[in-house]
Structure formats: C-alpha cells, structure tokens
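*Asks:* Read off the chains here:
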Amino acid sequence: ACSGTTGGSSKVSVGIVLPTKDEPRWVQDEQRFKDALANSDYTTEILFSQGSSAKEKENVETLLNKGIQVLIIAPHDGAAAGAAVEAAKKEGVTVISYDRLITETDAVDYYVTFDSLAVGAAQGQYLLDSVKGTNVPLYLYAGASSDNNAFLFFEGAWKVLQPKIADGTFVIANSTEAEALKDKQELTRDELGKILGQVTTNWDPNEAKNKAQTHLTAAGADLKGDVAVLAPNDGTARSIADVFGTDSDISSFVITGQDAEKASVQYILDGKQSMTVFKDVRTLVADAMGMAIDILDKKTPTTTGSYNNGKVDVKAKQTNVIVVDKENVKKELIDSEYYKASEFKGL
Amino acid sequence: MTLINDLKTLISKNIRDYGMYIALLVIFLIFTILTNGLFISSRNISNLLDSAGYIAVLAVGVMLVIVIRHIDLSIGFLAGFLGAIAAILLMQYHLPVYIVLPIILILGTIAGLFTGFLVAKVGIPAFVATLAGWLIYRGAILQVTEKTGTIIVQNDAFNAIGNGYIPSIVQINGLHLLSLLIGVLGIILYNFSAVSTRRNKMKYNFEVVSKQIFILQLVFVSAIIAAITWILAGYNGFSWTVIIILLVVLVYHFLTTKTVMGRHIYAVGSNPEAAHLSGINVNKITLIVFGSMGLLSALSGILFTSRLQSATTTAGTLFELDAIAAAYVGGVSAAGGVGKVTGAIIGAIVMASLTSGMNLLGVGISYQYMIKGGVLALAVIFDVITRRKGN
Amino acid sequence: MTLINDLKTLISKNIRDYGMYIALLVIFLIFTILTNGLFISSRNISNLLDSAGYIAVLAVGVMLVIVIRHIDLSIGFLAGFLGAIAAILLMQYHLPVYIVLPIILILGTIAGLFTGFLVAKVGIPAFVATLAGWLIYRGAILQVTEKTGTIIVQNDAFNAIGNGYIPSIVQINGLHLLSLLIGVLGIILYNFSAVSTRRNKMKYNFEVVSKQIFILQLVFVSAIIAAITWILAGYNGFSWTVIIILLVVLVYHFLTTKTVMGRHIYAVGSNPEAAHLSGINVNKITLIVFGSMGLLSALSGILFTSRLQSATTTAGTLFELDAIAAAYVGGVSAAGGVGKVTGAIIGAIVMASLTSGMNLLGVGISYQYMIKGGVLALAVIFDVITRRKGN
Amino acid sequence: MSEYILEMKQISKEFTGVKALDNVNFKVKKGEIHCLVGENGAGKSTLMKVLSGVYPYGTYEGEIVYEGKVQQFHKINDSVNTGIVIIYQELALFPDLTVYENIFTGNEIKQGALIDWNETIVEAKKMLEKVNLDVNPETLVKDLGVGKRQLIEIAKALSKDVKLLILDEPTAALNEDDSENLLKLLKELKKQGITCIMISHKLKEVITIADSATVIRDGQTIRTLDASKGEITENTIIKNMVGREIQDIYPKRVKNSHDEKVLELKNWSAYDQKLGRHVVKNANLHVKKGEIIGLAGLMGSGRTELALSIFGNAKAYKLQGDLLLDGMPKAFNHPSEAIKAGIAYVTEDRKGDGLFLLQDIKSNISAANLQRISANGVINENEEIKVADRYKTSLHIKATSLEQLVGKLSGGNQQKVSLGKWLFVGPKLLILDEPTRGIDVGAKFEIYTVMNKLIEEGMSILMISSELGEVLGMSDRVYVMGEGEIKGELPIENADQEKIMQLATQ
Ligand SMILES: Nc1ncnc2c1ncn2[C@@H]1O[C@H](COP(=O)(O)OP(=O)(O)OP(=O)(O)O)[C@@H](O)[C@H]1O
Ligand SMILES: Nc1ncnc2c1ncn2[C@@H]1O[C@H](COP(=O)(O)OP(=O)(O)OP(=O)(O)O)[C@@H](O)[C@H]1O
Ligand SMILES: [Mg+2]
Ligand SMILES: [Mg+2]
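Each protein sequence line maps, in turn, to chains L, X, U and A.
Residue numbers for the first sequence follow the numbering used here, so the first one is 362 and each next one is one higher.
Residue numbers for the second sequence follow the numbering used here, so the first one is 223 and each next one is one higher.
Residue numbers for the third sequence follow the numbering used here, so the first one is 223 and each next one is one higher.
Residue numbers for the fourth sequence follow the numbering used here, so the first one is 23 and each next one is one higher.
It should be emphasised that the hints constitute simulated quantities derived from the structure, not laboratory data.
Take every hint as true, because none was put in to throw you off.
Only pairs whose alpha carbons sit at most 27 Å apart, straight line, appear in this in silico DSS-like list of lysine-lysine:
hint	chain 1	residue 1	chain 2	residue 2
1	X	K343	A	K373
2	U	K369	L	K691
3	U	K235	A	K164
4	U	K506	A	K182
5	L	K545	X	K369
Quick caveat, the model's predicted, so the values are computed rather than measured.
Given these sequences and hints, build the entire structure.
*Replies:* Right, here's the structure in full:
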C-alpha cells in the first residue's frame, strides 16, 4: 500500500512524535520544529507520548492516518519504538530517528543525533578536567533506572571516568556497586543496572535531593572537601547542587548537567552549577527538517556517517554537543541567540 | 403514532443504558465532522480499536471488581510485569508461544487469586492490598528488566496478537472477505437469538415490546454490526486484538448475565451479608472475581507487549486508572451490584476515541488531559442523575 | 508486681494504637544498627523529617477524607499545580511571599470545596470525582508551565519554608538554643496538660491509670520529646518544615479530638445515615473535610516547591498514593470512622524512614518498591488482625 | 392558643410514582400520648419525616402548625430547635463511637468552642439512669444488642430539650419487659408535660397507653379515636386499619405434628470467638415434622445466635454437641450446606442481611436456589420469571411488576419477598426470626396463614419471636431461652405469658 489511502483534507506532510511534554527540552523542540516549516508549503503536526511507548504508537498511527510522508520520531524508549516505526515503514513512510536511536529494527532510515553516549562522555570529561590532585570524592547520579537513555548517558560518562577511578584520581563516594566495578571499563547492562538502582534519581529533582542528602549524611569527612558530582541532567543537577551547597564540609564541588535549561543557565551564572551539556536543538531541528524536506522533494539527504542499531546500519547526521560553563555561556547561548540576555541576571 | 410513543417510553426507561451509546455516537459524530471524515475512516477506526484493546480487557475485569465493592490498583503493573515475563520466556528461554501464553495467563490468575486471598480471607481492604501490590509489581518489573532494559520480542506469532489481522482468504474490491463473513454471521446470530428469545417470552405470556419496535431494534443493531464490519473490512479486516476483545466480551457477557456464578457476583455486590446467608460463598466469589482480574491483567499484558513488540521497564504505568475510568464511564456503580460488560467495553472505546480524535485534531496534550477528566466527570454525573430519577 | 501487670493490660488493650510506634521504633533500631548509627544521626533525622513534610500534611488531610469514607486521588497534582501557581505569582507577577501564600492556600481550599461539592451535593463517588480531578490538574500543571518549563523560585523567604531552619539565637556547644527551648517548652506543656487531665478525671471519679503507670508514661513521652529535640538541635535545629508539620499536627489533633466539628467528622464516618438523622449536616462536614484537604494540598505544594526551589512540570506525580499509603500505615480504617492525626504523621515518617534507611544502605530501587509494598501490606494486616481481636 | 400543640394540614408527599401521603390531616393535643397506627406502607414514617424536616420544607405540600405558628423546617435541626425530637424506625447510632458520644452527638456539651468530655460522661450517666439502662457509658455501641441500642436512642432524645417526642415503632425490637418499662417512661414524660407521638403495630400497647390514636390508610387519614370516649379498642382500630373486621388475629388450624424428629440438638454449644464467650450453652431441643415451635426469650438471650449456629454455622462459631437432621448427625460449615440439607432461615433484619435491595423481586426470590432453575450453571430466565410470579401471587406481594426493585417496597411486602425466597428453596425446616416484626395486622395474618399451610404440607417451622401473643397463638410447643441456655420447654396447653416470662428471667 502507499501512503495517503485515506480521505480527508487535513493532510500533513511531516509527522513528529516527541517523548514528553513534562521535560522543558521537548517543549522547546516543539516550537522550533513549528518555526522550521513556517515558510514552506509543507505542513507538520507534533504529538507527545508522555513517557508511554503505547501512546507513542497511537501517535504514530494517528499521523499515518493523516497521510504523512516523513516521520520524525524521538522515541521515549529506543528499543520499544520498533513496533511503531514498522507500522510507518509498511506505509512507505520515511522514518527519521531523532536524537535517540531506535534499535533492533530495519524500519529506520535516518538518524539525527547528539549521541547520548557523547553527552555522558562530555560530562565525564568535564569532571576530569576540572579536578586537581588525587583521591577526589566522586558522587554519581543517574536518570531513571526504567529509562534506557539514562543508561546511555551513564555509560558514556563511565567510560571516561573509569580509568581515573581505577588509578585513584577519583574515589567513588556513594555507590558500593560502582566501587566494586571500578576496574571494569565496559560494563554490561546488568552491571549498569545495579549501579543505577543505587544512584537513580528517577529524573525527579525531589528524589535527587533526598538521595544527595542521604549520601552526604553517610559520607565521612574523607569523602568531603573538594568533590566532583556527576548529575545526569539540569533538573536533578540543581537540586543536588542545592544540597551540596549547604553542607559546610564541602569546600567546593564540580557538578555536571545537561539540556541548558534556562533555570540551570542562571545557576551557572550564579556559580551554583558548573556546566551543562548544551545540545543546540536548532541544529538538530534544522538537520532533521532539512532531511525531511529533501525526502519530500525527492532528493537524497546528506549524512555524515552511520550507526548500527543492532539490525542495520542507519545513515546518520551527527551534531556535536557543546559544553557550556561560566566561561562560554554568553558566547554559546546568548550571542547565538538561543536565549535572550534579558532572561538572566548577572550576565 | 404508537410507534413513536413506544420508542419514547423505551428510551426514557432505558436512558441509563442507552446514554453511553448515545455519548459514543455523539463523540463519533463530532470528531468525524471536525476531521472531515478522517476520524471515521477504516484505518482510524481499526487503529482506535486496537489501541483500546489492552485497556478494554482490564476494564471488564475491574468492572466486576467494582461490582463486588472492591477495587484493584495493582492491575497496571501486574500486566506490565507479566508482559515482561512473557518476553523473557520467549526471548531468553526460547519457549514457543503456545507454551508461553498459557503460562502467563495462569501466572496472572494466580497473582489475582493471591490478591483475592488477602482481601477475602485476611480481610485487608482491597484498596490497600492492591496499593501494596502496585508497589511490589512496580519493583518486580524493574527487577526482571534490570539486566536487559527493554526486551525486544522477535516472534512473529506473538507479535501478531497485537499487530496482525485475521487472514482475508480473498480480497474483494479491496474488502476483506473473512471479516465480511464474520460480520454477516454476527448479524444472523443476533437476529436469530433475538427472535427466539421473543418467541419464548411470548410463549410464557410475558410482556414484550411491540412488533414494530422489535423490528426497528433488529434493523438498528444489524446496521451497526454491518457498519463496523464494513469499516474494518475496508482496511485490513478484523485484527486479532479486536477478535480477542470480542471473545472476552462474549464470554464475560454470557458469564455475567446467564449463569449462576454471574448472578452470585451481582448478589454479593448488592448485599454481601444477605448473599452469605443465601448460601452464596462470598469468599469464593471474591476469589473468582480477583482471579479473573488477574487473568485479564495477564491478557492485557500480552496484548500490550505484543503491540509494542517489546517489554519496557515502565509498561503498565497507570493502566489501572485508565481502566477504572473506562469502567466508570461505562456505568459501573461504586455502591456495588451494578455494572455491565458491554458498558466497560464502550467506556474503554469512548476514552480511546477521545484520544484518537483529539490527536487527529492536534489538540495539545495538556488540554487532552483536562478534556478527558471533564468527560469522566460528566459521564458519572449523567449516571448519578439518571439513576436518581430512576428511583 | 502490679506495675508490670498494669503495663501488660495497658499494652494489650492499646496494642493497635501502640503498634505503629513500636513499628517505627523497630525500623529505627534496625536501620541504626545496619548503618552503624548513621541513621539516627542528627543530620539524617533532620533531613528525613524534612523530606517527609509534604507527604505528611497530605496524609493528615487524606486520613480525614478516608475517615468519612471517601478518597481523594487528585491531591498530588493539585499540590503540584498550586505549587506552580505559587512560583508563577512569585516570579512572574513579582508578588511578595506574604500575599502569595494566602492566595495559594485559599485557591487550594476552593479547589477542595469544589471536589467536596461534586461528592456531597452532586453525589459523584469520590473515587471518580477525584480521578477526573487528577486528569484535570495534571493537564493544568502542564498548561501553566508550558511556556516556561521548570520555574526557578528565587525568593529566600519562600525557599526557607522548605530548606531553612529557625534561628538559633545562640549556639551552645554546637547545640541549637531556640530548638532546645522549644523542646523544653513542649515537655512542660505535655506534662502540665497530662497532669491536669488526670486531676480533672479524678475529680469526676473516673477511672484513671495507676500513679506508677502514669509517671512512667510522663517520663517516657518526655524522654522521647527530649531525644528528638536533642537530635535535631545537634544539626541545624528545627527546620521550618518540621515546625509546620508540628503546627498542622497540633491544630488538626485539637480540631479532631476536642471540637464539635471534629466529633461530627467521626460521626459521619461511623454512620452517615445516623449522623444525618442526628441533625448533623453531612454535606457540610463533607465539604469541610474536602476543603481542608484542598488547604493541605496547597500547603503541600508550597512545601514541595519551596524544597526544590522550583516548580517542575511533573510536581505532584503520585503524591496521592504515598499519602494514602502513609495514612493506612498510620492505622486509618477503610470502613470509616477510625483514624488519628498522629497516626497519619507517624505513617508518613515510617515511609520516609524506609526510603532514607534503604538509601543509606544502598538498596536498589526495585527492592525499595517491593519492600515498601510489603511494609504497607504488613501494617494493614496487623491492623486488621488486632482490630478483629479487639472486637 | 389552641389546645393542639401540632396541626398538620393537607399534607401530601409524592415519591416518584408513589403517592405516600395524600392530603393527610393530623392533630395532636398538648400533653397527650397520641398513637399513629396503620398498615405497612400506610405512610406513618413518611408523615413523621415530613414533620421532623428529614423531608425539608418545599418537598411536600401542606402546612405544619406547631405551637400556634406555621413552621418551615428546612433541616432536621430546625425542628429539634423547636423541641420536636424523633426516634427513627431505623436506629440512628454510631457503632464505632461510645455510648456517651452517641447520646450527645449533634447536641454536644460545650465549654466555649470545646467539648467538655467529663461533663458529657456525667450527663450521659444521668440519661442512662432515666431509661433504666445499666451500661458503662464508655462501651462502644457496636458491642450492644439491638434492645439496648433502642434505649440509648431514647436517652439521646431525652438529652435534647424535648417538647414533642416522636417514637417510630420503639418497641418493635424490645421484649415485653423492656416494652413495659418504656411505656412507663412515656407516662412519666407525659407527667412532665412532654407530648408524645408513637407509631406502633402492637395494638395492646396502643390500647394501654394512648390518649388518642389516628389511623392512616393508603396515605390518608381515616379517623382519630379518643380514649376518653372509649373508642380505642382492638376491634375499632383493626376495622379502621384494614377497612374490614378481622375475627381472629391468629388463623385456626388443626394440630398435625408427626412423630419423626426433623431437627434435634443435643448438648449444643456455640462459642463466639470475636466476643470471647458462649452465645449458646448446652442447648437440647427438637422439632418434629409438621410442628411450629416457638422460641421465646428476652432480648439478647441468644435466639438469633442459636438459629445462625444451626443454619450452616453462618457466623463461624466454635461448635460443640450434636445436630441431627432427620436422625442423621450433620456438621455444616456454610449456609449453603444447610440449605442443601433442607434448612431455610428468614433473617430478623430483612434490609440489612435478608434482601438485595438494589435488585428486583425476581432475582431476590431466586437468589438462594438458582441451581433449581439452571442447567450446567446457565440460568433459564423464563423458568425464573415463572417461579417468581408464583410466589408473588401466592404470597400476595403488592408490586407493580416482578422487575420492581425490592428496596422500593414497604416493609411487609419486603418480608413477603424474603419469605418467598426461602420457600422456593423448598426446606423441610423453616427458621423464622421475628417474622412479623414491624408488620401490620393484615400482613401478619397473611403470613400466619402461609405458615399454617406450610406445616400442612409437612414442613416444620422454628419461629423466634418476641411477641408472646404470637408465640402462644401459633406454636405447638414453646422453648424459652435465657442467657444462651434453653431454660425450659412448655407444651402449648400449659403455656401462658407468666410462665414464659418466669422461665425467661430465671
Ligand atoms: N424514599 C422513598 N422512596 C420511594 N418510596 C418511598 C420512600 N419511602 C417510603 N416510600 C413509600 O411510601 C409509602 C409509605 O411508606 P412509610 O415508610 O411511610 O410507611 P409506614 O406506614 O411507616 O410503614 P411501616 O409500618 O412498614 O413502617 C410506601 O409505599 C413506601 O414504599
Ligand atoms: N456485635 C455484637 N457485639 C457484641 N455483643 C453482641 C453483638 N451482637 C450481639 N451481641 C450480644 O449477644 C447476645 C445475643 O444477641 P441477640 O440480640 O442476637 O439475641 P436474640 O435472642 O436474638 O435477641 P433479639 O430478640 O434482640 O433478636 C446479647 O448479649 C447481645 O448483646
Ligand atoms: Mg414506618
Ligand atoms: Mg435476634
């Protein structure tokens, strides 16, 4: 069958499915996607899956009903989205996996990405670069242990950090499971799962705060002083930073983040958060939309490489992530017009 | 015009039962108009029914639980957990589908019976017992998927349950033959049973509706079955999910309306003390209802896992609230003793239609939540008001 | 040894009331031993109480809702929604804290009254009415935070509510003077009121516990107050959150046990029909209880937003289940009419202690869920069994 | 001011479909005891609910003049504030609360905004004394029997500042002793100037106590009788109530008992684990085929418990002794087993544990014996309708159709449905627990007639009753229970009220 078998005039050319409206990041994406097609003949519709793979599939089906030709999908769970995109593939729709790779299926045509492993690696590298001396206490935190992406971020960071843990630069302060695995660079899913089970924040700032408080209570004086904190994203980073900032035995701390949320940009300006991994959504949106328009215009999109998703090699266009800290925050976020200067104090 | 008058009294007498159907009709009409017919397209209806499947079976189960004055919050994560177990058995132990399915269904029944045991024998209020179950199954699903994360199911037979369609035999003018046959069969069976029931009643000299009304009723129901069949036949025909829903409806409808056990369930819901003194084993009925709930949770888990072709770590999250909402939209009463299988299914379809229609219209997710909340409230207000009048 | 015998009868008579305290004690002991004393450290206890705050106030509210045989599922997202509104008023409308707080509390009360209206006047079962509320507030919180995403609250006064401590006046040997004073005041007040109650009863020739037992009781409770004060004074002293919890407990304990309104709440819970016929306005009581629930939801939202110094788009998710679980662990009865304010608070602290202790021990998240589920089930089984005996 | 404290004029009240009151006029003189009598469903309770504001002003038509003023009661407290206090047919108590809390709920003793618990307890004790009830005020009400609860209701009413006291069948659940006490109490109250309206089906009481009596039939006032004119006699009341004369309250029958013992209990004891004591001790009793056995006794004497222990041990007591059915020893663990063996039990509290109020007449009648009208677990609905119709006709159940909800029927008709349900089981032993409680004379007569017909067909009946007249009028033999024991057995020829009371209070 070919696309567009159903009637109706409300036809849409590009369908977009985003994971959840609960995280500001995807709300930003929504606006930028809308803007990207504003002055073309093509139309788009964006649906949110609210963290449910089932709703994701419903969304894809709805969009197929509206006769889309290209599907841009940021899966909630890359492994569970196979069924949804296979349905799209059957209709002859071109599937672009956006930001997160859909695995174990041949129904993905393109992948536009920041590369989740690279995000984690950037966080780990920043910690490495920022600390001085040896035996620096390292506090690890991760996203939800029910979220595949949380594993990818953590894995990326672990690969970078592990050699320095093994050689004594860092001492793990809050996870016995991680401590036990400190000599192993390539962790299995199972091993990662054990660590995440202990240091998960569930992506929830409140959970992160509880955990951070508990960990600082448990930590002896030798695990305080100048410390490093791996926080998975900006929401949790801020609440963890709040806790570390109020412990008098912590003389200084470096803490990571991700997403360049406005709130965290302010924290960075205020010196409360050290860095955030800025993923310039505009580039990603432009890449994805560029691809989509190429496909609609029957041109072949340009790609920069490929990723194996367990079944096939998916042609990919990769965008580099940018590490933002107090030094370059103005250049990367304000001068590039990602945010307005008026939105922040103390620039 | 006696016909019109007959119709009027019929409707006003049964407004509660018909309300739901009317609501569904109105929702269908509104969305069809707003989407220029897209909503009613073969494909959308087919997708909509499929997407309602795993909630619909849960709704049937929980409707009965509510009828006997209990509640079950654990069903969502139980379904998710059993779905994960199914995926593990299939992919890690490489068991064949025909062994995995019965195992899962049995496990579900056992889990349900255990809940029933806590409620009936130990005497824990169902709300708390199943809240504890909610926590436990939530932990359990994380536990079994910890090693692997999301488990992809690569088994065509299993995946067909949630994604496949019954074979068409022959495609006629783009229509699906076997589906058409099933529809025709359904119409014949319905008419036959309706006529024989009526004849039987007349033999006993019981009151029956007038002949005109009766024919109208036959034509109406036949037309609806025909329309649904026609719509579905225009896409891929009946999906396996729809067939499973139909089976569940038929079996449960029969069990609840025609059998002694069904009657006993409603008796227990209506007055547990009186049921006990009437020689009904209240504990047994409670166990049966929770056991059936577990069975249907397992079925829901299978449908869901198959539909996604994978078991995720968060599968089942908040299914229970969707199912309970569907049951209430379908007219079950919190006071116990009142509720219908068809109601629960219609409730689930109403909720799925809302999602589907609003998605087609591109309504923002925040409004979707609010509108669904509003519809749920309205449905129950309607129910409460008509019931009050009926008194 | 009459003392021992007196003690025995006292305990066996009140096992249900004491059970919770004993459970809390056991949990504290186990975790203290397993963590080599870390659990009982000033800092951990202080953090633990702070982290229990927003659930504890919800638990008190929902306990009363359960006492009058209803339930409220909407409280989590209502708290989240109101927290977001507070953040918006503070940061976008730049209103001062002393205006924002009353506005939010009033909004919460209005929302609660509206739920109460649906339940009491329209007659919708609370489960469904509040399930609809759940959906609606969930949509609402997404709606108001859509433009901005997470809203950071930069207002020291507001943030102190969830993070600050009462001023110490003077630090003595690292101990917090004002906190110590409050503790001492508490002990004096407790002893004074206990003695005067006893004297009063004796004046009426009512039965009282023996003098020895009475003194033992005084010493015991005083020691506990002293211990808690001492522990907290060793860190930063009483936090504002703890002060707020204490105030809520005092006010609600007083309202429920000493006032006419409080008695009417329990009368309605015990037998709504009889309450109506006794001239109690059941609708009014229902409205009051749901209104108070809304008020406490608002307070919970304020505590939570202040604690995180920001309003997130998912604030409030599943708070309702935590609060309801806490209320049940605290001994409220699903059959209505039975439940205590102190119980609800202890329940919330038990649940928070489990989280804190297991986090200290590095227990994996999947086991944490399962253990909490198990504890909830055990608590209710204990309650059911002791109640059965008590009859 | 007129001599009437209360005048209700042209009161009409309609429930959807039912005209419960149709232009009722009702006048009560100051300081009198005025009885309100009438068949079940005549509208007595409804009239009193209109008066007390349970059905608020505006939901009925007509006018209430109380103490010379036209009153509009919008809620119950409005009537209480004018001194009208009503004790309802369905007791309005809080099982989880203590006796003293129950007495003062809705009428708390306050000190400022607070409740003065100590004073409350002291006052509660006074009230309990007034009604001659000796219980600890700190007892939970759920631990008391139904009779004591009735007295607590009266104590509760007295605690309010009452001028017009209304009692809706206060003695229905009481034994003769307590009834007498209560009537004495009412006379005392009358001396204190309290006016009293009492609804009762016990005509003897009406005759002894009433200054005047109003008869209501089918929602209409029939006549007001005056005691001083000698109008209050059993015959006049009955004639006005049913619109015809009833010669004999108890239908005549021939004694037709056979020798086979249907049921025999030997050293039968039942221990209630929840209460932690024996509710039945060492009972020996037998019922022969075709007999009606009366089981008399005071409130709380354990008759209901005895019945429940026989009926499949429905409350899971620990049992001792032997139960023989047709000479065969039996041990039942569930009512279903007793039903199978041929025992049926019509409960005392038909609304609470007898009927499915939300279901229709047909489902109620078939509920205990669905097996009989089903094959392989599938119900034959036509058969069900036939069966239900049969009992509706033979028991004269007044209802619009078989599909009417049982909750909408009047008390007497509900009792008939309950009876029908158990007759359909086809038992050899029928246990009736207070079969005519709260039922009018007409319906009573019908039920007695049915009982006679049943024993003629060879059934045996064990009838628990607190109405001695009924026990003496219907039984072949009488057992008297007290404190869980069988205190004695009396053949009907030797039985009279004095002997029974003597045994019961032994
Ligand atoms: N809430 C109600 N809804 C509908 N009908 C009612 C309701 N209450 C009473 N009725 C009907 O009104 C009529 C009068 O009932 P009421 O209870 O006043 O009778 P009664 O004289 O007190 O009888 P009894 O002696 O059995 O107590 C009956 O037909 C009854 O079925
Ligand atoms: N729920 C209960 N809790 C405590 N005691 C109870 C309870 N129910 C009954 N009793 C006690 O058990 C005994 C028997 O009660 P019951 O009233 O059933 O006897 P009965 O002979 O059937 O009297 P009645 O004529 O009132 O029906 C009484 O002492 C009563 O107080
Ligand atoms: Mg009455
Ligand atoms: Mg009895």
